[in-house]
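Top to bottom, those sequences are chains F and E. Everything in the first sequence is counted per our numbering, starting at 1 for the first residue and increasing by one. Everything in the second sequence is counted per our numbering, starting at 1001 for the first residue and increasing by one.
Don't take every hint at face value.
[To be verified] Only pairs whose alpha carbons sit at most 30 Å apart, straight line, appear in this in silico DSS-like list of lysine-lysine: (1) F:K415 with F:K425; (2) E:K1032 with F:K586; (3) E:K1075 with F:K516; (4) E:K1084 with F:K516.
Derived from the structure by calculation, the hints contain no laboratory data. Since the model is a prediction, treat every value here as computed from it, not as a measurement.
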Amino acid sequence: MIVEIGHFALILAMFAALAQSCAGLIGGQRADYRFYTFTKRATDITFVGAAIALIALIHAYLTSDFSVKNVVENSHSLKPLIYKIAGSWGNHEGSMLLWALVGAGFATFLSHSKEELAWTLKSRALGVQGLIVALVIAYVVFASNPFVRLPNPPFQGNDLNPLLQDPALAAHPPFLYLGYVGMSLVYSLAIAGLLDGKVDAVWARIIRPWALASWMFLTIGILLGAYWAYYELGWGGWWFWDPVENASFMPWLLGTALLHSAIVTEKRGALAAWTVLLAILAFSLSLLGTFLVRSGVLTSVHAFALDPKRGVWILLILALFTGGGLLLYGLRASVMNSDKGMFAPVSRETALVLNNLFLVVATLTILVGTLYPLLGEAIYGRAISVGAPYFNAVFTPLMSIILVFLPLASFFSWKRSKITTHAKKLIPALIIAIIGGLVVAFIAKNKPMSAVGVTLGVWLILGALSEFLQKAGLGKSNDVVKRAFALRPMYWGMFIAHLGVGVFVIGAVVETSFQKEQTFAIGIGETVQFEGRKITLDKIASLEGPNFYSDAAQISVNDGKKTIILNPARRYYPAAKMPTTEVDRKANLFGELYMALGEPNSESGASKWVLRVYFNPFIGWIFGGYFLIALGGFLSMADRGLRVAAPKASGDIAKAAS
Amino acid sequence: MKKLIASIIMLFGLVATSAFAQSLEQKQLDPKQNERYNNLAQEIRCVVCQSEPVATSSAKIAADMRDVIKEHILKGESDNQIRKYFANHYGEYVLLRPQLGATTIALWAAPFILLLMGGAVILLLMGKLKSTPETIPPESIPTEEDAEALAALKELEEK
Chain F
1 MIVEIGHFAL
11 ILAMFAALAQ
21 SCAGLIGGQR
31 ADYRFYTFTK
41 RATDITFVGA
51 AIALIALIHA
61 YLTSDFSVKN
71 VVENSHSLKP
81 LIYKIAGSWG
91 NHEGSMLLWA
101 LVGAGFATFL
111 SHSKEELAWT
121 LKSRALGVQG
131 LIVALVIAYV
141 VFASNPFVRL
151 PNPPFQGNDL
161 NPLLQDPALA
171 AHPPFLYLGY
181 VGMSLVYSLA
191 IAGLLDGKVD
201 AVWARIIRPW
211 ALASWMFLTI
221 GILLGAYWAY
231 YELGWGGWWF
241 WDPVENASFM
251 PWLLGTALLH
261 SAIVTEKRGA
271 LAAWTVLLAI
281 LAFSLSLLGT
291 FLVRSGVLTS
301 VHAFALDPKR
311 GVWILLILAL
321 FTGGGLLLYG
331 LRASVMNSDK
341 GMFAPVSRET
351 ALVLNNLFLV
361 VATLTILVGT
371 LYPLLGEAIY
381 GRAISVGAPY
391 FNAVFTPLMS
401 IILVFLPLAS
411 FFSWKRSKIT
421 THAKKLIPAL
431 IIAIIGGLVV
441 AFIAKNKPMS
451 AVGVTLGVWL
461 ILGALSEFLQ
471 KAGLGKSNDV
481 VKRAFALRPM
491 YWGMFIAHLG
501 VGVFVIGAVV
511 ETSFQKEQTF
521 AIGIGETVQF
531 EGRKITLDKI
541 ASLEGPNFYS
551 DAAQISVNDG
561 KKTIILNPAR
571 RYYPAAKMPT
581 TEVDRKANLF
591 GELYMALGEP
601 NSESGASKWV
611 LRVYFNPFIG
621 WIFGGYFLIA
631 LGGFLSMADR
641 GLRVAAPKAS
651 GDIAKAAS
Chain E
1001 MKKLIASIIM
1011 LFGLVATSAF
1021 AQSLEQKQLD
1031 PKQNERYNNL
1041 AQEIRCVVCQ
1051 SEPVATSSAK
1061 IAADMRDVIK
1071 EHILKGESDN
1081 QIRKYFANHY
1091 GEYVLLRPQL
1101 GATTIALWAA
1111 PFILLLMGGA
1121 VILLLMGKLK
1131 STPETIPPES
1141 IPTEEDAEAL
1151 AALKELEEK
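In isolation and in its complexed conformation, chain E is listed as follows:
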């Protein structure tokens, strides 16, 4: 029984990552290329996984995709050419960092729009503050009503 399980483990391991080992020889990439390779591997999505980049996936296809990235870097292509290649091959959803385009403009603009809107609202309110005379009152004190109610409650609770 144990032997059977052990062999299942071995089999599982072989199937899952035999391709992983092939991508080990990164020696052909110089340090700069290697950094580009690592960055791109973080940006390209493994197509069979759930929102996982090929860099961390142990699926066979991820290993193949890593090799493709390497090949293209060695061919001397730029990062953008490689991204385009993957987008053409697998569809744009393969890019975890979506390219700026008609369908993603809202995504990339979101932080700026939100910041501008929030900033505008605050400036408007601040402008209102400025126009009021210099009557910044001392501290806000709980109103008398509050104090009365609280005192009443305290009595109630103590009863």
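With the rest of the complex left out, here is chain F:
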């Protein structure tokens, strides 16, 4: 019964979203406030309907209602509670339902936000968002319905893919979708701006918090995914350039470009057309990501649900919003007055334009690489693989170039700047960075690239610090620390995010260059040597979990001073008929010892276990750096000055001008 209520609520939400869409667009077009009021109510109904639908689905999972096909395919009565909840969105149908709910939620948020933005713009944005949500719900209802019942319900479910039964991955889809779908609201606001005929500084200020929020959620979603890959897949790696990873990374890169160009539009009224284009493309790439993941056109280790028929649906939605958006963009080019804010070749504007150039080129390169196997098949009739080695070879240099200039560019002032005056302030940072690089070059003589990478990382960290301290009045005031804390959250956000980039670079370079890996076949009671440590397999215990069996090893590691115990394990999930690797890790200041237990093997008589041992230096810096980037986004978002719209803006500008 509850399942049917959910199903009904979802269909209701679809019609409410359609009504929201029509009323919102008409209200904006005719400047009729009654339609606007109507669309706001419809937005609430859409949201409540979609929420009831998801709650009903979660209820079916919690009660292990095996008359629902989706529950049978993805759950098991013995599955732990948290994965019953997370399982409802850990599968294709449920995840698309979550997509719709988040989309409706963003619309509701916009509808109720107290921001003083033009109501015609808001009305149109709600209209566009309503259309997006309506189509996604239609897709869920007609092509991927999670509420389908089975005529002959089985007694037990097939269980969720055990790899997905993990805390980080339970939280991964909601965050990722908050990011993807947040981009849909930025898109809606961009289209509304085009329809409204006003794409200017005020508009940029309106979209900025939404762009920041979705970008931050996307950052966290990607971070959780990478962290999960690191400890769950058991290969010590954290980024594989898998098509699905690329699908989330491309909107992230464009989102990063969008955040930077929106600053120029907001502060200087320039680049408005470019910012709108980025908003359209960022959402298009989010949709493309969904299409690539769900249609199965690209095989991927992460593709959990593949169905070509669904691909056609998503492709149609993608074509409608990308094509429609770009068409409108072309038609309304005249409303985007780009030459409002002039700037000199050396200025903060130019620096941000170059930042955008490289970020967009990097994004498109990843897009080409991701789609090239399809093109190769279609054009040349040859199967071509494009894997991690290609992406590393092209992406790293592109990013390195823009990162080298980041610290200097962050000093530039608007309109017109001088390189020499600012370069002086960075001399200490540059000297320390070079010393750091030389130290690494001395330690690791055969790895010159690691020295270059560390120099870049230190340069970024100290560059961000120099710029921040400068803002706090270094050299002018004795109270730098106090003044730093008084700085607006926005500046803290920029500092922390750029600092995070540097931390990440150092982590990534050191980890890739100096990772140690060795595979052993080890019997119980035997000892092997790894990087100056004695590793002994004490015992293997057979344990039983709620929905799995496990072989847990007890391994003592002696580094000459003290002994620590690690317990890597292998699990077998009988319902899903899948084994998983449960690694165990022990971190110290310099890195992390990482162990994955392989399969037993008794070929040579005595039974031996395969044990893969890694030492991953500075791995914490990779995830920590990425976390700092997300934290920077959060701090910027917390800045009230960003959220209060136009009237405050003109006040600020007046102050700045005087």
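Given chain F, put chain E in place with the hints provided.
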């Protein structure tokens, strides 16, 4: 029942990776060769997996392919000879880092072309900026129209 399952696990383990264990003895490779081996194992695709390199795959064929890489390194072949060997044997799709050729020139040229195109557009626009007289105006201020509309709205919302 439990015993049965345990034996299934054992069986699964044996089938899946008995070959994996064979590739354990990497001792014959000196450190430099070992580094080449690790790099090549990342570049060669496991032919039964979904875009996974042989380095991380636990499929039997991946283990065999790793052994082939090792053999060829021990024979003294260069990295390129080994790549060619795999491309000839399994088709060029086995290379995760596609070799530069007629079918992949567009792939490798893409970043350069995109960068050149973007750079050219920016230079053109910048050139336009330079040619304009030094009238870089103060700040962009929301137009009066905007301000009026916003004030009107605020009133509406408050009502």
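Could you check the structure against the hints above and give me the numbers of any it violates, in ascending order? none
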